[in-house]
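*Asks:* Heads up: the sequence lines are chains A and B, in that order.
Quick note on numbering: the first sequence equals residues 1 to 226 in my numbering.
Quick note on numbering: the second sequence equals residues 227 to 523 in my numbering.
No wet-lab data here; the hints were simulated from the structure.
Note that the structure is predicted; figures quoted are calculated from it, not measured.
Idealized CB from N, CA, C, for every residue including glycine.
A hint or two may mislead.
Estimated spans, in silico, between C-beta atoms of each pair [what the hints assert, rightly or not]:
| # | chain 1 | residue 1 | chain 2 | residue 2 | range |
| --- | --- | --- | --- | --- | --- |
| 1 | B | G232 | A | N131 | 20 to 28 Å |
| 2 | B | L521 | A | A61 | 18 to 26 Å |
| 3 | A | K114 | B | L419 | 31 to 39 Å |
| 4 | A | G12 | B | N392 | 36 to 44 Å |
| 5 | B | V240 | A | L72 | 24 to 32 Å |
| 6 | B | G403 | A | E97 | 55 to 63 Å |
| 7 | B | R519 | A | E28 | 36 to 44 Å |
| 8 | B | A230 | A | A61 | 22 to 30 Å |
| 9 | A | R71 | B | S389 | 26 to 34 Å |
| 10 | B | L399 | A | N14 | 34 to 42 Å |
| 11 | A | D54 | B | A230 | 52 to 60 Å |
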Amino acid sequence: MIEFKNVTKMYGSNVGVENIDITIEKGEFVFLVGPSGAGKSTFIKLMLKEIEADEGTITVADREVTSLSNRLVPQHRRNIGIVFQDFRLLPKKTVFENVAFAMEILHAPRKVIKKQVPLMLSLVGISSKANQYPHQLSAGEQQRVAIARAIVNNPPVLIADEPTGNLDPDTAEEIMNILQTINNRGTTIVMVTHAKDIVDRMGKRVVAINKGKIVRDAEGAYREDD
Amino acid sequence: MIRAFGYTIKQAFVQLFRNKNMSTASVFSITAMMLILGLFFMLVVNVNLLASSAEDQFDSIEVYLLDEVTQEKAEEMLEEIEDFDGVARAYYMSKDDAMEEMKSRWGENAYLLDGLVDNPFPASIIITATDLSVEGDIVDQLEGMEGIEDIKYYQEMVGKILSITNYIQTGALILIGILIIVSIVVVSNTIKLTVHARAQEINIMKYVGATNWFIRGPFLVEGIIIGILSSVISAGIVGFAYYQFVESFQQRLLILFSSGMVPFEFIMINLIIIFVAIGISIGALGSILSMRRFLDT
């Protein structure tokens, strides 16, 4: 589903990522860990083609991203849902509208939107708040809305960039359960995180990056030296 | 396609209303710009008319003949003149013809001429040159002929009028160009504010995979609406002012220049076409420029 082959990205003389080689299969749930500035964001940005790799090739959902023309970047991004630490909901739209918005952009018919959005809202367990505005919601609820928005167009890949960073442990666990549910439906998930307890508990594949290089890639737990 | 179009138009209006103050401000500044532009437009059009009517009226050379020249002799001269280079047409006007013409020009007061014992008007040959610039050459050749009392021509005066109108036109064009650029900057600043206000939304749109044109669409339409609004308002004001001006000064100008002014209808139709075209271009360009940096990645 996701493949990096010998990918290097430099920022001037600073290393973003260096010689990254990794394959993530369809349906995997992968944690991307490492200290700040290790190259996790660069990794994500390369996947989204927000930045260009200097060397190597990147493939996401059978599409070679590195050779993609700018015109096709929007098409490519429709294959990747993304959730941020700070939710990034539109404050002037209701919960329903925030999720529907992602479908409107792809010119989905009204009828389809009206069916699909409630489905997603119930999947993340926030159906009852469909008509409320983001500021009326708790942080955990906002993140649920953000997740619903990210998956409403059924992307094969979901990127979660520190989705629990702003949440208390209980809420974080709820969010992880939702992500697990989404993963069970076949969506490949790449989650960037610093939350050791979560990584340990989930027992998934952990990819540790440091100074732009993959220093460890194994099933299991977060290690302090990561 | 239609759904996307509907979305774009709706969003554009929503944005316009959300930034009421800024939208109004830019409509005002562009209207002001277009008013000045309209002023120059009317000036140029009228100066053009003046110039071409001056050319028409004063493109002839009047050759006054001595009284002793007989009609036969005059006809010979006419034939000779018709062969000169640069002569388009030439005709003979006898003393009687001249008297008749003067009477018709004086209209009601023509009876005053009846009191004259002798006809004081000389016979003449009226020459129309193919071009203003050759008038001098024709006059040079005429000066070698006998039986001529006086030659009247207006090459210098018309030349001066034409060069002045040229300056006015060039000046107006430069000013119009500057005004258009300023307007584009004004629109692009307004749109930039809307874009900044919606930076997050645009960001999310990009992550969800909206195409650049989809994101740009509403802003483009917003700019175009601002442009059209300004152009209609300013065309209305300029048109009204021009109408009033023509109404009150047309008569006096007719006496002064005998050419009158460009008719209101002509001005109005062209004004609307030109203004709307400029308005749309200003709006579209302004918004595309303001979004360029935003849509780079």
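*Asks:* Taking the hints in turn, state whether each one holds.
*Replies:* Results for each hint:
{"no.": "1", "hint": "B/G232 to A/N131: 20 to 28 Å", "in the structure": "holds, 23 Å"}
{"no.": "2", "hint": "B/L521 to A/A61: 18 to 26 Å", "in the structure": "holds, 24 Å"}
{"no.": "3", "hint": "A/K114 to B/L419: 31 to 39 Å", "in the structure": "holds, 34 Å"}
{"no.": "4", "hint": "A/G12 to B/N392: 36 to 44 Å", "in the structure": "violated, 56 Å"}
{"no.": "5", "hint": "B/V240 to A/L72: 24 to 32 Å", "in the structure": "holds, 29 Å"}
{"no.": "6", "hint": "B/G403 to A/E97: 55 to 63 Å", "in the structure": "violated, 45 Å"}
{"no.": "7", "hint": "B/R519 to A/E28: 36 to 44 Å", "in the structure": "holds, 37 Å"}
{"no.": "8", "hint": "B/A230 to A/A61: 22 to 30 Å", "in the structure": "holds, 24 Å"}
{"no.": "9", "hint": "A/R71 to B/S389: 26 to 34 Å", "in the structure": "violated, 53 Å"}
{"no.": "10", "hint": "B/L399 to A/N14: 34 to 42 Å", "in the structure": "violated, 52 Å"}
{"no.": "11", "hint": "A/D54 to B/A230: 52 to 60 Å", "in the structure": "violated, 36 Å"}
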